[in-house]
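Line order of the protein sequences matches chains A and B. Position one of the first sequence corresponds to residue 1 (the working numbering), numbered consecutively onward. Position one of the second sequence corresponds to residue 497 (the working numbering), numbered consecutively onward.
Derived from the structure by calculation, the hints contain no laboratory data. Heads up, some of the hints might be wrong.
[As the list claims (entries may be wrong)] Straight-line Cα separation of at most 25 Å, DMTMM-like style, residue types lysine to aspartate or glutamate; simulated pairs: (1) A/Lys155 - B/Asp555; (2) A/Lys365 - A/Glu469; (3) A/Lys154 - B/Asp599; (4) A/Lys235 - B/Glu597; (5) A/Lys155 - B/Asp599; (6) A/Lys235 - B/Asp564; (7) A/Lys154 - B/Asp564; (8) A/Lys232 - B/Asp564.
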Amino acid sequence: MHNNLLLLPIIIPFFAAMVLLFAPKNVTYQRIVTMIALLAATVSAFYMLGIVYAQGPQTVTFGNWPAPFGITMVSDMMSILLVLTTLVLTLFIVWYSFSTIGVEREKFYYYPGIMFILTGINGAFTTGDIFNLFVFFEVFLMSSYLLIVLGGEKKQLQGSIYYLVINIISSALFVIAVAFLYSVVGTLSMADIAVKVAELQQPAILTVIAVLFLVVFGLKAAIFPLFFWLPKAYKSAPTPVLALFGALLTKVGVYAILRTYTLIFVHDPSFTHELLMVLSILTIIFGCIGALAYFDVTLIIIYNIVIAVGVILFGVSQMNTVGLEGAMYYLVHDMLIKAALFMLGGIIVAISGTANLRQMGGLMKRYPLLGWTFLIAAFSLAGIPPLSGFIGKLLIVESGFAANNPWMSIIILLSSLVVLLSVIRIFIYAFWGEEKETATTITSTTYAQQLTPAILLVCVTIAYGVGAEAVAPYMAAASEALMQPQIYIQAVLGGK
Amino acid sequence: MEIVMAFVIGFLFMAATYLMLSRSLLRIIIGTGLLSHGAHLLILTMGGLSGEAPPVLADGVEASQFADPLPQALILTAIVISFGVTAFILVLAYRAYQSLETDNTAMMKGSDDDA
Numbered sequence: 001m002h003n004n005l006l007l008l009p010i011i012i013p014f015f016a017a018m019v020l021l022f023a024p025k026n027v028t029y030q031r032i033v034t035m036i037a038l039l040a041a042t043v044s045a046f047y048m049l050g051i052v053y054a055q056g057p058q059t060v061t062f063g064n065w066p067a068p069f070g071i072t073m074v075s076d077m078m079s080i081l082l083v084l085t086t087l088v089l090t091l092f093i094v095w096y097s098f099s100t101i102g103v104e105r106e107k108f109y110y111y112p113g114i115m116f117i118l119t120g121i122n123g124a125f126t127t128g129d130i131f132n133l134f135v136f137f138e139v140f141l142m143s144s145y146l147l148i149v150l151g152g153e154k155k156q157l158q159g160s161i162y163y164l165v166i167n168i169i170s171s172a173l174f175v176i177a178v179a180f181l182y183s184v185v186g187t188l189s190m191a192d193i194a195v196k197v198a199e200l201q202q203p204a205i206l207t208v209i210a211v212l213f214l215v216v217f218g219l220k221a222a223i224f225p226l227f228f229w230l231p232k233a234y235k236s237a238p239t240p241v242l243a244l245f246g247a248l249l250t251k252v253g254v255y256a257i258l259r260t261y262t263l264i265f266v267h268d269p270s271f272t273h274e275l276l277m278v279l280s281i282l283t284i285i286f287g288c289i290g291a292l293a294y295f296d297v298t299l300i301i302i303y304n305i306v307i308a309v310g311v312i313l314f315g316v317s318q319m320n321t322v323g324l325e326g327a328m329y330y331l332v333h334d335m336l337i338k339a340a341l342f343m344l345g346g347i348i349v350a351i352s353g354t355a356n357l358r359q360m361g362g363l364m365k366r367y368p369l370l371g372w373t374f375l376i377a378a379f380s381l382a383g384i385p386p387l388s389g390f391i392g393k394l395l396i397v398e399s400g401f402a403a404n405n406p407w408m409s410i411i412i413l414l415s416s417l418v419v420l421l422s423v424i425r426i427f428i429y430a431f432w433g434e435e436k437e438t439a440t441t442i443t444s445t446t447y448a449q450q451l452t453p454a455i456l457l458v459c460v461t462i463a464y465g466v467g468a469e470a471v472a473p474y475m476a477a478a479s480e481a482l483m484q485p486q487i488y489i490q491a492v493l494g495g496k
Numbered sequence: 497m498e499i500v501m502a503f504v505i506g507f508l509f510m511a512a513t514y515l516m517l518s519r520s521l522l523r524i525i526i527g528t529g530l531l532s533h534g535a536h537l538l539i540l541t542m543g544g545l546s547g548e549a550p551p552v553l554a555d556g557v558e559a560s561q562f563a564d565p566l567p568q569a570l571i572l573t574a575i576v577i578s579f580g581v582t583a584f585i586l587v588l589a590y591r592a593y594q595s596l597e598t599d600n601t602a603m604m605k606g607s608d609d610d611a
């Protein structure tokens with residue numbers, strides 16, 4: 001039975017997390033088990049990618065119940081690509097954690113936290129049931145609460161209270177939105193909801209619910225005007241945790257918007273998708289303002305998350321094949337590059353002993369490899385042609401022109417300049433100029449240990465950009481499936 | 497009946513919003529408690545309040561008399577989740593009180609290291 005295999009990327013981290021709980025003080029054991037589990041899960045996700053590509057969406061309904069009555073897990077092209085990306089970048093972040101997070105945290109359930117967060121995220125990418133999506137959201141949020149506060153420094157306590165309260169409110173809103181949706185359509189399976197919404201022709205109440213879902217997922221994904229919590233909360237997290245959050249957590253919200261707005265709420269696009277477009281453009285603009293306003297390495301990269309969320313959602317809001325393909329390309333690219341940038345930024349901060357750009361300088365002489373890697377990552381983020389950010393943004397801009405929104409596309413092009421400026425500023429301040437007296441908190445061995453996974457992750461993004469041709473059929477398949485919800489519905493409900 | 501419940505839930509949301517906008521951390525946590533009560537009651541109401549028999553198979557009860565079992569299962573799930581999260585934030589608030597020595601969220605900002 002191929003189908004049960006799609007559960008492996010969820011079950012393996014879950015099982016590993018439980019195994020890890022037994023010997024928290026044995027750090028070697030923790031590291032080895034985590035790495036083995038991640039490798040196994042990545043291999044299984046690769047295998048599923050092949051199957052989904054060859055045979056179309058795969059589904060499992062728990063307990064042999066017929067489709068709308070049980071909980072269905074669906075692995076279509078978009079889900080499996082995101083699951084695979086998640087696992088690959090977590091592999092590098094965990095490797096990076098070995099030399100950054102510190103033994104004290106490793107002894108207090110750091111790795112089980114990461115494994116549970118993976119369970120939640122992979123589950124959220126794979127589930128086909130709206131309430132089950134809520135449960136998986138809570139699984140990864142609960143683990144993220146642990147990871148953000150682990151260590152208990154003052155700044156972590158401040159940031160995590162903020163983060164918790166925001167997420168409790170958005171979770172309550174999620175429950176409310178599900179309650180309203182259930183009272184209108186009377187079902188919870190996403191495929192079945194899509195069928196019922198199509199039968200009802202999306203009356204006004206469903207448009208209201210669509211906007212409510214946009215608010216809920218927008219709070220997770222940090223779109224305008226709901227991104228206010230993100231910089232403060234993320235700034236308080238330690239570097240590898242920040243890399244994990246920055247690469248994954250907001251992207252689950254983006255995925256949820258992508259899924260609901262391509263599968264369920266597609267019958268009143270002149271309102272819902274127009275709203276999404278306006279919000280995504282405002283998200284880009286406010287993200288750009290934030291990225292230029294600060295002289296803090298971490299904050300600059302954090303505001304770049306906000307910009308990228310806006311760009312992806314603009315691609316989604318155009319509702320054409322080009323836009324969705326671009327959104328998929330850019331989503332995967334952005335997850336990889338944000339993880340890499342936070343890792344590199346963390347090394348820069350560790351070397352100079354401060355996150356303030358004005359107090360850094362002249363790192364190029366002593367750390368040339370770090371400098372050039374950061375420059376490549378920065379170019380890739382901005383979308384310079386051979387690198388990975390290019391093709392996604394090209395398709396998204398093209399979709400804007402195709403859908404007759406040329407000015408919006410031009411704003412996206414201009415935002416690329418701002419992105420480039422903001423990260424090149426880090427490069428110029430940190431690597432050029434006079435060498436300054438620094439309170440280095442890092443030895444040359446740990447420097448090498450931290451730089452290796454970061455460089456390898458940058459190599460992955462380069463391969464993703466240069467090998468866009470090889471990835472293209474998968475992305476095309478993903479956007480095809482998103483444009484035709486019928487494929488998804490048929491896979492779940494079986495030709496009804 | 498649904499109308500009455502809608503008003504009650506509305507008042508719960510109002511009180512929750514008011515409490516969460518205050519400065520004291522404990523009042524915020526009480527607000528989140530009220531918010532989840534409101535959300536849970538909303539699921540129950542939105543599932544429909546018809547049906548006089550509990551959803552347990554028993555002799556002499558027609559299928560049409562059962563209450564909708566699905567919202568009850570959803571609420572049970574949501575209750576334990578919000579219970580877990582509430583326990584976590586209560587302990588976090590206690591810890592924050594110990595090391596930051598304040599219950600006032602306005603005093604917690606401490607943005608001295610902002611560049």
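Going down the list of hints, with the structure as the test:
1. Restraint check: the Cα-Cα separation between lysine 155 of chain A and aspartate 555 of chain B comes to about 61 Å, which exceeds 25 Å; the hinted pair is violated.
2. A threshold of 25 Å between alpha carbons decides the hint, and for lysine 365 of chain A with glutamate 469 of chain A the separation of about 37 Å lies outside it, so the pair is violated.
3. At roughly 14 Å between alpha-carbon atoms, lysine 154 of chain A and aspartate 599 of chain B fall within 25 Å of each other, so this suggested pair holds.
4. Between the alpha carbons of lysine 235 of chain A and glutamate 597 of chain B the distance comes to roughly 22 Å, so the proposed pair stays at or under 25 Å and holds.
5. The straight-line distance between the Cα atoms of lysine 155 of chain A and aspartate 599 of chain B is roughly 15 Å, inside the 25 Å bound, and the hint therefore holds.
6. At roughly 45 Å between alpha-carbon atoms, lysine 235 of chain A and aspartate 564 of chain B are farther apart than 25 Å, so this suggested pair is violated.
7. Of the pairs offered as hints, the one joining lysine 154 of chain A and aspartate 564 of chain B is violated, with about 47 Å between alpha carbons and a cut-off of 25 Å exceeded.
8. Note on lysine 232 of chain A and aspartate 564 of chain B: the hinted pairing is violated, with a Cα-Cα distance of about 43 Å set against a maximum of 25 Å.
Of the numbered hints given earlier, the model fails hints 1, 2, 6, 7, 8; all others are met.
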